[in-house]
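**Q** Got chain A; can you put chain B on it based on the hints?
There are 2 protein chains.
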Amino acid sequence: MNARPDNWGALLEGLRRRDRRALARIISQVEDRKPGWQSAMQSIFALAGNATIIGITGSPGAGKSTLTGALATGLAARGRKGGILAVDPTSPFTGGAILGDRVRMIELAKHNIFLRSMATRGAMGGLSRATRDVARILDAFGHDIVLIETVGVGQDEVDVLRVADLTVVVCIPGQGDNVQAVKAGIMEIADLFIVNKADRPGTDDVVGDIRAMQRLTMGKGMRQANILKSVATSGEGLDAIIDELDRLQPIVKADPSAANRDLGTEVRELVEDDLLRLFWDKAGGREKLASLLGEGKISDPYQLAQALFSEKDIAGLSGKDKN
Amino acid sequence: MNARPDNWGALLEGLRRRDRRALARIISQVEDRKPGWQSAMQSIFALAGNATIIGITGSPGAGKSTLTGALATGLAARGRKGGILAVDPTSPFTGGAILGDRVRMIELAKHNIFLRSMATRGAMGGLSRATRDVARILDAFGHDIVLIETVGVGQDEVDVLRVADLTVVVCIPGQGDNVQAVKAGIMEIADLFIVNKADRPGTDDVVGDIRAMQRLTMGKGMRQANILKSVATSGEGLDAIIDELDRLQPIVKADPSAANRDLGTEVRELVEDDLLRLFWDKAGGREKLASLLGEGKISDPYQLAQALFSEKDIAGLSGKDKN
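First to last, the sequence lines map onto chains A and B.
Take the position in the first sequence, starting the count at 1, then add 791; the result is the number in the working numbering.
Take the position in the second sequence, starting the count at 1, then add 791; the result is the number in the working numbering.
Source of the hints: derived by calculation from the structure; they are not laboratory data.
It cannot be assumed that every hint is accurate.
The list treats identical chains as interchangeable, and a pair is accepted whether it falls inside one copy or across any two copies.
Taking lysine to aspartate or glutamate and the EDC-like style, the derived pairs with C-alpha atoms no more than 20 angstroms apart in a straight line are [claimed, not checked]:
#1 1073 <-> 1060
#2 1088 <-> 1053
#3 825 <-> 1060
#4 825 <-> 1072
#5 1044 <-> 996
#6 1079 <-> 1057
So that you can see chain A by itself, here it is in the shape it has in the complex (with noise of 0.2 angstroms):
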């Protein structure tokens, strides 16, 4: 499947130089999985490995992108390269132009930050898969920090977290129960939370609940999250926000329990993935579920599973591929 180098060593070569477009192009064919993707990787991993990875998450209008950008233009003003990678698992699209980016992209290639978005890729629960590989080009790019930003929503963003070396939860005063955003295992992963629009009503309130949470959640042993405030749109509490961040980037990255340091999950990750792929995709096994379940004769799970696979179908399977 490396026969073909296609593209890949002039790319590589611009990825070296900091050429964003190449930067762009890389990160492409590595989420279409073109030929010579792992060698490409292969090369980009040794390359890697200075960034600290932020992922930041809370619910929709928490002002989690204007905090992100602010987050990168600060780190740009000490002299650090933050760039952003927005992760939506609950769109369908991928490629760009989601979470209305367009205008976004824009203003924040004036200050030089690269802005990349990320949706559902396949419905193979790659995600976390695609995030991974994603946020190591652009730590192979020279930045420093790589801030993924992603939609508090249920198991899909606890598998994009797990990708961060650290994880910022946002909430907003005067929702009601806003708190209730976050969600089920990201209280338990939370190194800060923020408190944004804190120049409204009930802030201390949110911060009040915060800490009922923690109370309520929180193991033996555990870190307990600071809570910081800030106005994103102002710019109030972005300093010692990126202080936290200093503080907080040598504790984490010295924990041995990291998971994005596991090197057994993630092969097993990454070779999982191709295999489901090649069934699922290459193979159109998709597509024979679907007409399986369209025609409504079986309703008997363990005879659809055997229709669809068994272990003498593997060859041909990869004969199907070869063509």
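**A** Only chain B this time, still in chain A's reference frame:
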């Protein structure tokens, strides 16, 4: 793969006769994916569909085992048949003797209540898959209710509880931050809270904590779960709990969004389980990964993944399986 009929015919006949030894043997053979298990599960699927599956979770020490046993006994007194499936995602052992269950099993057998224990099987995250199969076998055996008792830990627990038609969360007073036991992702799927050991001081505090947690985490339009008190060791409160479970059953069964009613998802899981097991176990993927990691020569996940799997290996995979 379905060539050898083994003893499936006799065992299925035993299941229809409600022979408990046949039941136990079928569960073992399905868990072990003995040849012919799919056809056997097809027959079992046709017999099943009458039982309500109730998941019971909570922190260790909450008295879940005693409560579950007492509920099954209480059901028996009302002429109903409740079987118990004890699932421990934290234990590497499986087959019966986990959770100190030998004594318990003998005790329950006196009341003609079947208890089965399950723990981690394989590393494929297939525990929820296995739980679903075993619950279905207990259903086909003629149980009205299958009580799945699981230890409260992380994502595995949530996956196991997805199999249940309704979920009960057990808390106890007197453990400072004990509602912390209600882990991420569980609060949202709870249909009923039980404060067990309610003869101890602090019972009302726990009820208050649960109410607070519900206010913080509940989404709009969600059913608010009731909170009942019990002393499982004395039987106090059990009648009210069984009444509430009876009230809930038709409500949850009528909910079309119930995950276990999603045929496509189940087929997908079955197929992926098979495919991944074939790769990691039968084709030696696991050993190969362990040996590659052990050598420590490669730290690059993409290179490791390629060493383990490329599309053309699929043919070899199947060939190997035929030996």
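**Q** All hints, please: hold or fail.
**A** Right, here's what the structure says about each hint:
For the homomeric pair residue 1073 and residue 1060, the shortest alpha-carbon distances inside one copy (18 angstroms) and between copies (18 angstroms) are both at most 20 angstroms. Proximity of residue 1088 to residue 1053 under the C-alpha cut-off of 20 angstroms is restricted to the inter-copy arrangement: shortest distance 16 angstroms between copies versus 44 angstroms within a copy. In this homomeric assembly, residue 825 and residue 1060 come within 20 angstroms of each other (Cα to Cα) only inside a single copy, at 18 angstroms, whereas the closest approach across copies is 27 angstroms. Taking the closest pair of Cα atoms, residue 825 and residue 1072 come within 20 angstroms of each other only inside a single copy of the chain (14 angstroms); across copies the shortest separation is 29 angstroms, beyond that limit.
For a Cα distance limit of 20 angstroms, the shortest separation of residue 1044 from residue 996 qualifies neither inside one copy, at 32 angstroms, nor across copies, at 39 angstroms. In this assembly of identical chains, residue 1079 and residue 1057 lie within 20 angstroms of each other by CA distance solely across copies; the values are 15 angstroms between and 29 angstroms within a copy.
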